[in-house]
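Each residue of the sequence shown is one higher than the last, beginning at 8 in my numbering.
For the record, the hints were derived by calculation from the structure and aren't laboratory data. Every value quoted in this text rests on a predicted model; they were computed, and no experiment measured them. Check each hint, because a few of them may be wrong.
[Said to hold, decoys possible] Here are the simulated EDC-like cross-link-like pairs (lysine to aspartate or glutamate), alpha carbons at most 20 Å apart as the crow flies:
{"id": "1", "residue 1": "K11", "residue 2": "E62"}
{"id": "2", "residue 1": "K11", "residue 2": "E26"}
{"id": "3", "residue 1": "K148", "residue 2": "D165"}
[Claimed, not checked] Quick list of simulated restraints, FRET-style, between CB atoms:
{"id": "4", "residue 1": "S88", "residue 2": "T29", "range": "19 to 27 Å"}
{"id": "5", "residue 1": "P69", "residue 2": "T29", "range": "33 to 41 Å"}
{"id": "6", "residue 1": "S127", "residue 2": "K11", "range": "18 to 26 Å"}
{"id": "7", "residue 1": "Q28", "residue 2": "K152", "range": "28 to 36 Å"}
{"id": "8", "residue 1": "D165", "residue 2": "G87", "range": "20 to 28 Å"}
Glycine included, each C-beta is placed from N, C-alpha and C at the ideal position.
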Amino acid sequence: MVYKHFSHPHNMKIYEVKEGQTIRCSGCQRLCHNSPVVGCWHCNFFLHALCFTAEHYIEKHPSHSQHPLTLIPRPTYCSGSFICNKSGEIGTSFSYCCTLCEIDFHLHCTFLPVTVSHNSHQHDLILYKGSEGEAPDDFCKICNKSLSARHSCYYCNDCRFGAHIYCVINEVELEDGSSDSGTTSSNTEGVAAGDRMLGGASQSDTELLILKCCMISVQKKDSKITPAQRNNSKPA
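Start from the sequences and build out the full structure, keeping to the hints where you can.
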């Protein structure tokens, strides 16, 4: 079975990432670890299943509810890159953006868990949104680099324990809360409870996820068709 994605001109297939292979997702720029990916081998273009099935349009995201966010495959700025308003890190691939406000989020930063438990701290860490009230004014307790008040981080207010998003989360499993980075998560921002970043899923699981998302997309489009339009489309 072949698949199409708006970001790539060629047909794509599901491939199993074998142990020892180094394949990087062209959507989120993260490594694909021992899990199926959808890709074009000829172009070395691969996507995690969630990156492949990510919604093109988010009507109202908690971090930017004023305007919709649109998924774009590459930055439109002259520099060919963007600075994520969530993490403060540079991005060169998929992003959710609001062109009116020049807001840009990495694809994976758009779906951050609100609460995480990390093995570096005894309490749950809460997602702190930049410019919300009093900002953490100290250093990341994991990498010892400074935290910016403008960007999000994970924070324990009782202990004044703050950490960069990237220091806490390497790969988020939104379905069962597990992660290979010593992190568990819950209540994810801007994503349905059943969605997930894949890690260790079988090829059939990936196919089911892709087919499920394709069916949901078709149902959404079909729901916008009026009864009159549906009747007019029937053959005489």
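Structure-based check of all given hints:
This hinted pair checks out: K11 and E62 have alpha carbons roughly 14 Å apart, not beyond 20 Å. About 26 Å separates the Cα atoms of K11 and E26, which puts this hinted pair outside 20 Å; it is violated. Restraint check for K148 and D165: the C-alpha separation of about 14 Å stays at or below 20 Å, so the hint holds. In this structure the hint that S88 and T29 lie 19 to 27 Å apart at CB holds, the actual value being about 23 Å.
At roughly 34 Å, the beta carbons of P69 and T29 sit within the given window of 33 to 41 Å. The hint said 18 to 26 Å for the Cβ distance between S127 and K11, and at roughly 42 Å that hint is violated. In this structure the supplied range 28 to 36 Å holds for Q28 paired with K152, their Cβ-Cβ distance being about 31 Å. The hinted window of 20 to 28 Å between D165 and G87 is violated, with their beta carbons roughly 42 Å apart.
In the structure shown, a violation is registered for the earlier hints numbered 2, 6 and 8, in ascending order.
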